[in-house]
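Number of protein chains: 2
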Amino acid sequence: MVLKKMIDRYKAIGLKMTPQRLAILEYLDGNREHPSAEDIYRHVKKRFPTMSRATVYNTLETLRKRGLIMELSIDPMKKRYDPNIEPHHHLICLRCRNVLDVFMEFDVSVPEEARKDFVILGNHIEFYGLCSKCRNASHGEARNKEA
Amino acid sequence: MVLKKMIDRYKAIGLKMTPQRLAILEYLDGNREHPSAEDIYRHVKKRFPTMSRATVYNTLETLRKRGLIMELSIDPMKKRYDPNIEPHHHLICLRCRNVLDVFMEFDVSVPEEARKDFVILGNHIEFYGLCSKCRNASHGEARNKEA
DNA sequence: ATCTTTTTTAGAACCATTCTAATTTAATTA
DNA sequence: TAATTAAATTAGAATGGTTCTAAAAAAGAT
Chain A
1 MVLKKMIDRY
11 KAIGLKMTPQ
21 RLAILEYLDG
31 NREHPSAEDI
41 YRHVKKRFPT
51 MSRATVYNTL
61 ETLRKRGLIM
71 ELSIDPMKKR
81 YDPNIEPHHH
91 LICLRCRNVL
101 DVFMEFDVSV
111 PEEARKDFVI
121 LGNHIEFYGL
131 CSKCRNASHG
141 EARNKEA
Chain B
1 MVLKKMIDRY
11 KAIGLKMTPQ
21 RLAILEYLDG
31 NREHPSAEDI
41 YRHVKKRFPT
51 MSRATVYNTL
61 ETLRKRGLIM
71 ELSIDPMKKR
81 YDPNIEPHHH
91 LICLRCRNVL
101 DVFMEFDVSV
111 PEEARKDFVI
121 LGNHIEFYGL
131 CSKCRNASHG
141 EARNKEA
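Chains A and B, in that order, are what the protein sequence lines are.
Residue numbers are given in my numbering: position 94 of the first sequence equals residue 94, and the series is strictly consecutive.
Residue numbers are given in my numbering: position 85 of the second sequence equals residue 85, and the series is strictly consecutive.
Derived by calculation from the structure, the hints in this document are not laboratory data.
Please note that the accuracy of each hint is not assured.
Note: identical chains are not told apart, hence a pair may lie in one copy or across any two.
Lysine to aspartate or glutamate pairs mimicking EDC-like chemistry, simulated, CA-CA at most 16 Å apart [to be verified]:
(1) K11 / D39
(2) K116 / D101
(3) K133 / D117
(4) K79 / D39
(5) K45 / E26
Turn these sequences into a full structure, and let the hints guide you.
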């Protein structure tokens with residue numbers, strides 16, 4: 001459970017721990033769904049009906065700046081968030097947009113001449129394809145518009 | 001020049017070739033800037049002042065569906081497009097968001113047990129770091145808000 | 001030249017995200 | 001525990017990217 005660490009870190013840098021933030025942190029803790037801000041908002045709103053979207057966005061931005069979560073550009077329409085900050089990669093279903101983590105390291109170094117003085121600080125591999133559900137169900141699960 | 005091929009392909013499937021579409025195709029042909037819809041709109045509007053954003057979006061979607069361009073999820077805020085459909089990867093500057101192509105193949109196969117019945121159809125590697133301009137100029141070129 | 005179908009257009013609508021300014025609250029200190 | 005103060009929350013407005021709409025224009029076929 002990374003939750004406790006997050007809370008401690010929060011306080012250590014002079015940020016206030018509010019019930020709303022705690023709810024967001026709890027939702028994110030161990031979450032493997034790579035949720036969007038709206039996903040998070042919908043969830044925590046159940047417990048805090050007055051919750052504002054701004055709070056979700058602010059909290060996510062604060063967490064990101066502190067390096068406690070990652071912002072993913074996996075979805076063309078919206079940002080998605082990953083509370084797992086271990087470097088890893090993603091398997092993305094082209095049909096239902098679900099995302100599976102891939103905890104592996106690959107040797108993908110780019111030689112000098114190919115990177116033109118660019119300093120490479122990290123990498124992220126998107127594998128795209130079809131998840132087992134979508135591969136079987138010829139219709140079900142569809143959530144996007146590839147064609 | 002892939003332009004001619006695109007025009008032929010267009011007609012072959014019964015799509016009409018209009019001056020607006022031609023302008024968009026010409027702008028994309030050989031373009032290595034990974035432009036957004038807005039970038040394209042601004043450019044072609046110079047030549048066609050009545051050009052509508054809808055035309056740009058429609059054309060891009062048509063091209064994408066036909067596999068003539070690729071839609072990139074490189075930028076969290078907007079889609080960007082790549083007329084180069086050869087499989088390749090991208091070097092993304094965290095500071096100015098410029099993108100450099102990497103024409104290399106990497107062995108990134110994911111073993112059975114790691115992909116849980118997922119069928120992998122392709123992959124795309126994002127290398128992120130700092131381009132030479134941004135690395136030198138401590139301020140210039142900044143276009144985003146990493147911190 | 002006419003006809004049919006597709007495309008273009010301006011603008012409205014929509015969704016994700018950011019901003020705003022007033023109100024509330026966590027944490028500190030007396 | 002009450003007062004203080006800096007930070008967080010809130011509803012809603014504003015913004016930016018994208019999609020939709022319905023009417024007008026134009027491409028390609030006959």
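Verification of the hints:
1. K11 / D39: neither (26 Å within a copy, 43 Å between copies)
2. K116 / D101: between (31 Å within a copy, 11 Å between copies)
3. K133 / D117: Classified as between; 9 Å across copies, 43 Å inside a copy.
4. K79 / D39: within (11 Å within a copy, 21 Å between copies)
5. K45 / E26: This pair counts as within: shortest intra-copy Cα distance 13 Å, inter-copy 48 Å.
In summary, the structure is inconsistent with hint 1 from the numbered list given earlier, while agreeing with all the others.
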